[in-house]
Amino acid sequence: MIDIEKLSFSYDDEETHEKKFVIKELDLYIDKGSFVAVLGHNGSGKSTLAKHLNGILLPSGGKVYIAGMDTADEKNTFSIRSTAGMVFQNPDNQIVAAVVEDEVAFAPENLGVPPEEIRRRVDECLEIVNMSEFAKSSPSRLSGGQKQRVAIAGVLAMEPECIILDEPTAMLDPKGRREVMRTIKSLNKSRGMTVVLITHYMDEAAMADRIVVMEKGSVIIDDVPKKVFSEVEKIKEIGLDVPQVTELLFRLRSMGIDMPEDIISVEECEKVILDRLKGLKND
Amino acid sequence: MFKDITIGQYVEGNSFIHKMDARVKILLSLFYIIILFLISSPVAYAVFTAFTLFLVYLSKVPPKFILRGLKPMMYILVFTAVLNLFMTQGSTVLWVCPFWSTLKITKEGLTTAVLMILRLVYLVIGTSVLTLTTSPLMLTDGIEKILKPFEIIKVPSHEIAMMMTIAIRFIPTLSEETEKIMKAQMARGADFESGNVLKRAKAMIPLLVPLFISAFRRADDLAVAMDSRCYHGGKNRTRMKQMKMTVRDLWATLFMVGFAAAVIFIQKLM
Ligand SMILES: Nc1ncnc2c1ncn2[C@@H]1O[C@H](COP(=O)(O)OP(=O)(O)OP(=O)(O)O)[C@@H](O)[C@H]1O
Ligand SMILES: [Mg+2]
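Those sequence lines, one after another, are chains A and B.
Quick note: the first sequence uses our numbering, first residue 3, plus one each step.
Quick note: the second sequence uses our numbering, first residue 697, plus one each step.
Think of the hints as simulated: they come from the structure by calculation, not from any bench.
Be a bit skeptical, because a hint or two may be false.
[Said to hold, decoys possible] Below 27 Å or equal to it, Euclidean Cα-Cα: the simulated DSS-like pairs (lysine-lysine) are:
1) K53(A) - K841(B)
2) K138(A) - K937(B)
3) K229(A) - K34(A)
4) K138(A) - K756(B)
5) K34(A) - K228(A)
6) K760(B) - K177(A)
7) K138(A) - K715(B)
8) K138(A) - K841(B)
9) K53(A) - K34(A)
10) K940(B) - K138(A)
11) K138(A) - K760(B)
12) K77(A) - K964(B)
13) K22(A) - K65(A)
14) K229(A) - K218(A)
[Said to hold, decoys possible] In silico negatives: residues of chain B with every beta carbon more than 12 Å from chain A:
15) P759
16) F761
17) W791
18) L811
19) M812
20) I839
21) I864
22) F866
23) M882
24) V920
25) K931
26) N932
27) M941
28) F951
[Said to hold, decoys possible] Computed from the model, here is a short list of chain A residues facing chain B with C-beta under 7 Å:
29) N95
30) A100
31) N112
32) A172
Backbone N, C-alpha and C define an ideal beta-carbon position, used for all residues, glycine too.
Generate coordinates for the entire structure from the input sequences, incorporating the hints supplied.
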């Protein structure tokens with residue numbers, strides 16, 4: 003689905019006039035239907051990578067192929083952008099129209115889709131993100147989580163195969179975050195949509211099938227969440243965190259209580275701890 | 697401060713005026729304004745007033761929305777009234793200031809003042825009826841369609857319409873932001889309320905600078921988000937909501953023309 007080969011991106015520093023690399027010889031292949039979380043420090047190049055996936059930025063070196071199309075080839079631009087939809091961090095800054103349904107219609111209108119078909123897509127996409135009842139509302143009256151779901155619907159209306167989200171929950175409250183994450187997960191699970199989620203929240207990353215950790219423009223870790231988070235010390239060394247439950251079990255372990263290393267969800271953790279407590283009672 | 701702006705405050709409804717085609721509505725509103733500036737006799741104004749009230753009734757928009765549109769106009773109204781009242785030269789003097797004899801009210805001054813107020817008020821009511829009964833999208837689409845023929849003289853009709861759409865969309869966002877910055881600056885001791893005009897204008901700088909910076913950042917983000925959704929100007933763009941003219945629009949136009957003829961006839965006669 004997404005094939006990145008030796009991607010480099012550099013810009014000329016204004017003061018020193020030397021080339022600064024934001025991304026350096028990065029290779030990454032993302033399968034159709036997978037859910038990949040991208041982690042990394044501020045400034046590690048995550049957003050820059052994301053902008054390469056739909057041709058907003060073009061590589062200084064290497065190639066990016068989306069569903070086989072080269073992003074550097076200008077005649078692919080619109081097919082690439084409608085194949086790989088992009089959702090951004092600030093919900094206020096990506097909404098164009100003053101009414102929710104017009105916002106969702108924006109992308110298909112740009113693509114020249116016939117009116118009846120746009121209507122159908124708008125209704126369907128609002129249904130998917132569970133925002134049908136707000137079709138006629140003004141986005142400015144919605145909560146952050148609702149706005150972000152409208153933004154997701156606006157991207158889905160292009161009928162993309164892949165959706166890239168750059169910190170979509172960073173500006174939301176816990177409730178909004180849950181709504182948005184539920185939407186993203188169901189897109190991946192029930193519709194087979196390929197999802198690339200850039201995030202700073204470890205519990206969100208734990209929901210993915212695969213985690214890619216970036217550092218200074220390169221991929222330094224690429225594995226399943228259970229593996230990635232089982233090495234708590236290594237993760238902390240990079241300056242990242244682990245999900246809260248993993249942290250809890252890690253501390254219990256360091257107190258000498260034998261706990262498994264590969265627990266990343268609250269449900270699993272609950273079960274493990276309950277089992278231990280039951281074990282203690284029986285003893 | 698943006699809260700009083702009526703543009704973009706569409707009130708949903710099902711009235712005759714709501715159902716009219718946006719293009720026809722915009723053109724007829726222009727026509728309404730032209731008539732307004734052509735008449736000056738009291739009788740013509742009386743007829744015009746009746747017509748305006750009829751429009752408001754026909755739109756089924758609660759009058760409080762229309763009054764809300766008039767509120768920010770208060771100062772301008774008072775200002776023009778006072779200026780016209782005292783500045784107009786005339787022969788029939790009604791009142792002279794006992795302390796300063798150049799300050800006087802003439803009969804002509806009084807009529808001009810009343811006329812100007814009525815003109816401004818009807819101007820606002822007329823445009824409010826348009827914006828309150830037409831969704832922002834239809835309004836901008838209508839303007840785009842009306843400007844389309846002027847593309848031969850290089851009028852960027854689509855761009856103008858898109859700019860208006862975005863402006864309408866961002867009015868509430870920026871107003872919220874203004875309030876936030878204002879509170880933040882007030883917490884640091886900024887004073888927006890006291891002092892003379894110059895001092896107050898100066899106090900606006902720490903408000904406007906962050907507001908502009910954030911507006912530019914928003915514009916940047918929005919441009920990327922629009923690009924990501926394949927925006928490439930008006931070429932080959934389709935619209936979900938199509939505009940179509942019906943018999944209703946024909947009747948409205950005929951009615952408007954009839955009314956215009958009648959009012960101008962009355963104006964000439966009396
Ligand atoms: N065209 C450019 N000109 C100058 N600096 C740039 C340019 N493009 C990227 N950078 C720099 O590259 C670095 C990486 O940026 P990027 O936005 O990709 O990081 P990020 O991983 O998304 O960070 P964050 O977690 O803060 O979102 C930043 O320090 C940024 O300032
Ligand atoms: Mg970023």
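The hints, checked one at a time:
With a C-alpha separation of about 34 Å, the suggested pairing of K53(A) with K841(B) is violated against the 27 Å cut-off. Annotation: proposed proximity of K138(A) to K937(B) holds, straight-line Cα distance about 13 Å (limit 27 Å). Distance hint between K229(A) and K34(A) is fulfilled; the C-alpha atoms sit about 22 Å from each other, no more than 27 Å. Pair hint K138(A) plus K756(B) holds up; C-alpha atoms about 19 Å apart against a cutoff of 27 Å.
Taking the CA atoms of K34(A) and K228(A), the gap is near 21 Å; set against the 27 Å cutoff, the hint holds. The suggested pairing of K760(B) with K177(A) is violated, with an alpha-carbon distance near 36 Å, which exceeds 27 Å. At roughly 17 Å between alpha-carbon atoms, K138(A) and K715(B) fall within 27 Å of each other, so this suggested pair holds. For the given pair, K138(A) sits about 23 Å from K841(B) by alpha-carbon distance, which is consistent with the 27 Å threshold.
The straight-line distance between the Cα atoms of K53(A) and K34(A) is roughly 19 Å, inside the 27 Å bound, and the hint therefore holds. Distance hint between K940(B) and K138(A) is fulfilled; the C-alpha atoms sit about 20 Å from each other, no more than 27 Å. For the suggested pair K138(A) and K760(B), the alpha carbons sit about 22 Å apart, so the restraint of at most 27 Å is met. About 64 Å separates the Cα atoms of K77(A) and K964(B), which puts this hinted pair outside 27 Å; it is violated.
Distance hint between K22(A) and K65(A) is fulfilled; the C-alpha atoms sit about 19 Å from each other, no more than 27 Å. Note on K229(A) and K218(A): the hinted pairing holds, with a Cα-Cα distance of about 22 Å set against a maximum of 27 Å. No beta-carbon of chain A is positioned within 12 Å of the beta-carbon of P759(B); the least distance is around 22 Å. Every CB of chain A is more than 12 Å from the CB of F761(B) (nearest about 15 Å), matching its label as outside the interface.
Distance check for W791(B) against chain A: the nearest CB is about 49 Å away, which clears 12 Å, and the non-interface claim stands. L811(B), annotated as away from the interface, keeps every beta carbon of chain A farther than 12 Å; the closest lies near 36 Å. The Cβ of M812(B) sits about 33 Å from the closest Cβ of chain A, beyond the 12 Å cut-off, so the non-interface label holds. Distance to chain A confirms I839(B) as a non-interface residue, since its nearest Cβ pair spans about 14 Å, more than 12 Å.
Consistency note on I864(B): stated as away from chain A, yet its beta-carbon is not over 12 Å from all of that chain's, at 5 Å minimum. Not every CB of chain A lies more than 12 Å from the CB of F866(B), the least distance being 9 Å, so the non-interface label is violated. With a least beta-carbon separation of about 23 Å from chain A, M882(B) lies farther than 12 Å from that chain, consistent with its non-interface assignment. A beta-carbon of chain A comes within 12 Å of the beta-carbon of V920(B); the shortest separation is about 6 Å.
Distance check on K931(B): its Cβ comes as close as 9 Å (rounded) to a Cβ of chain A, failing to clear the 12 Å threshold; non-interface status is violated. Not every C-beta of chain A lies more than 12 Å from that of N932(B), the closest at about 5 Å, which undercuts listing it as non-interface. Remark: the non-interface label on M941(B) is consistent with the geometry, its nearest Cβ contact in chain A lying 17 Å away (cut-off 12 Å). With a closest Cβ-Cβ approach of about 30 Å to chain A, F951(B) is found to remain outside the 12 Å limit, as its non-interface label requires.
Hint status for N95(A) relative to chain B: holds, with the closest Cβ pair at about 4 Å, below 7 Å. A least Cβ separation of about 5 Å between A100(A) and chain B falls short of the 7 Å threshold, and the interface hint therefore holds. With its C-beta approaching chain B no nearer than about 4 Å, N112(A) sits inside the 7 Å limit, and its interface hint holds. The beta carbon of A172(A) is not positioned within 7 Å of any beta carbon in chain B (closest approach about 13 Å), and the interface hint is therefore violated.
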